[in-house]
Amino acid sequence: ETGVTQSPTHLIKTRGQQVTLRCSSQSGHNTVSWYQQALGQGPQFIFQYYREEENGRGNFPPRFSGLQFPNYSSELNVNALELDDSALYLCASSLGSARAAYGYTFGSGTRLTVV
Amino acid sequence: AQTVTQSQPEMSVQEAETVTLSCTYDTSESDYYLFWYKQPPSRQMILVIRQEAYKQQNATENRFSVNFQKAAKSFSLKISDSQLGDAAMYFCAYRSADYGGSQGNLIFGKGTKLSVKP
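If you're matching them up, the sequences are chains P and B in order. Taking my numbering, I'd label the letters of the first sequence as residues 1 to 115. Taking my numbering, I'd label the letters of the second sequence as residues 1 to 118.
Keep in mind the hints are simulated off the structure, nothing from the lab. Worth double-checking, as some hints may not be accurate.
To be verified - A few chain B residues that face chain P, going by a derived Cβ cut-off under 7 angstroms, partial list only: (1) 44; (2) 45; (3) 47; (4) 50; (5) 91; (6) 105; (7) 109; (8) 110; (9) 111; (10) 115.
Said to hold, decoys possible - Calculated pairs, DMTMM-like style, for lysine to aspartate or glutamate (alpha carbon to alpha carbon, straight line, at most 25 angstroms): (11) 73(B) / 98(B); (12) 113(B) / 85(P); (13) 110(B) / 82(P).
All C-beta atoms, glycine included, are put in the ideal place defined by N, C-alpha and C.
Chain P extracted, bound-state conformation:
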């Protein structure tokens, strides 16, 4: 059983650029969520995908977008990067179903630095 893998592990981008972060879900998991964790803070929910459709979104602007593919891998895209986008981005996969509480399997994150 594979866990959740994220790539790249570290990334430095310039303000105004675009970035794509990637996540490979745990085998059998059909739901993926993305979180932003600023330094010294707890993770904050960006959005969630279930069966390739976005089915939940946190308080993040539209320049944060995502995709989920048929193999349940996922991408997080951020356009027009701002300095405040510097953070650890965590991907979490789960077996989504109503009233399920199996918890989430997290990846080790991508550390994004915007300069």
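For chain P, the structure is supplied; the task is to place chain B on it using the hints.
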């Protein structure tokens, strides 16, 4: 909106001793799930323990146990026989049981940094 508060930014414990990390939450829902996650320097969030709100019995996982007080909206984590490998950031998290849209997401506290002294 639900919130999670961890009032202890840092805690320290002697190896083999017991430590309790505090967490309070605010919600108007009656059915939900609570979690404790550990985040070591490797950055990966690791599930430590999970509690279902409709279960009165406190969850336990080996050396980890919780004290769930639903009326007080309190969810503390007790670590017994602390080990050096327990040193990490610990996050308390809430999730609505109404699994629909963004209600399926986790709401985290700001975390408690636990140090274990040899």
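Starting from the hint list further up, note which numbers the structure goes against and sort them upward. Those not satisfied come down to hint 10.
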